[in-house]
Amino acid sequence: MAKWNELPAKVQMGIVIGVAMAITVALYFLVYKAIDDGNRRDREILASKQAEVDQLRPYQNKLAELNRSVEILKQQLELQKRIVPDEKESEAFIEMMQGAAASAGIEIRRYTSRPPSTREFYTEAPFELEIDGPYYAVLNFFEKVGGLERIVNISGLQMASTTTPQAAKVKKSYAYAPGESVVATCVATTFFSNDAKSQQAAAPGTPAAAKASPAAAGKK
1 MAKWNELPAK VQMGIVIGVA MAITVALYFL VYKAIDDGNR RDREILASKQ
51 AEVDQLRPYQ NKLAELNRSV EILKQQLELQ KRIVPDEKES EAFIEMMQGA
101 AASAGIEIRR YTSRPPSTRE FYTEAPFELE IDGPYYAVLN FFEKVGGLER
151 IVNISGLQMA STTTPQAAKV KKSYAYAPGE SVVATCVATT FFSNDAKSQQ
201 AAAPGTPAAA KASPAAAGKK
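Residues in the sequence shown are numbered consecutively from 1, following my numbering.
One or more of the hints may lead you astray.
Claimed, not checked - Below 27 Å or equal to it, Euclidean Cα-Cα: the simulated BS3-like pairs (lysine-lysine) are:
1) K172 x K144
2) K10 x K49
3) K49 x K62
4) K171 x K144
These are calculated hints, taken from the structure and not from any lab test.
This structure is a prediction, so every number in the text was calculated from the model and none was measured.
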């Protein structure tokens, strides 16, 4: 076999070029291609992330508006909770009705809870009421109840003169004041969200813990 220095220059050049090409090919497949594949994947991931950022970019300038919308929705939720509370609070309901009665100038003599009715999204909580007072004051009371922030439906209204209170199916007669002309019984139904913890319903016919006004207590 001829020695390297004995080979013609062209042969030596061809061998050098061949070896260089072989090394280049080996480096390409063993090193450069792996790096190139990694770079290509990184570019694809970067392009995908940039596309996601571009989709969100229009909302960047609307952030303040979105925050205001969230605050409005929170306020609406709080208002909804006042209109249809998520807990059955009989005491708060009675205090609200007593406030309307005092403002109208009538007396609520009795609250009796009836069994609640559960619907899909809410629960109906009815209370029997006995009231008395001047005729127009009683009408004013029902107007005030209709304007309450919390939803209260009045049904089964029966009215009678203070001289014949039994006609309104009251449970008991009282010593009515001279200015009181009518007595009435009705069912006041309020509503509660079903998201609340379930509470034991009061037995039908059992008087609730009514808070009669001092004037009413004095008339009994």
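Results for each hint:
no.: 1; hint: K172 x K144; verdict: holds, 25 Å
no.: 2; hint: K10 x K49; verdict: violated, 54 Å
no.: 3; hint: K49 x K62; verdict: holds, 21 Å
no.: 4; hint: K171 x K144; verdict: holds, 25 Å
Hint violations for this structure: number 2 only, all remaining hints satisfied.
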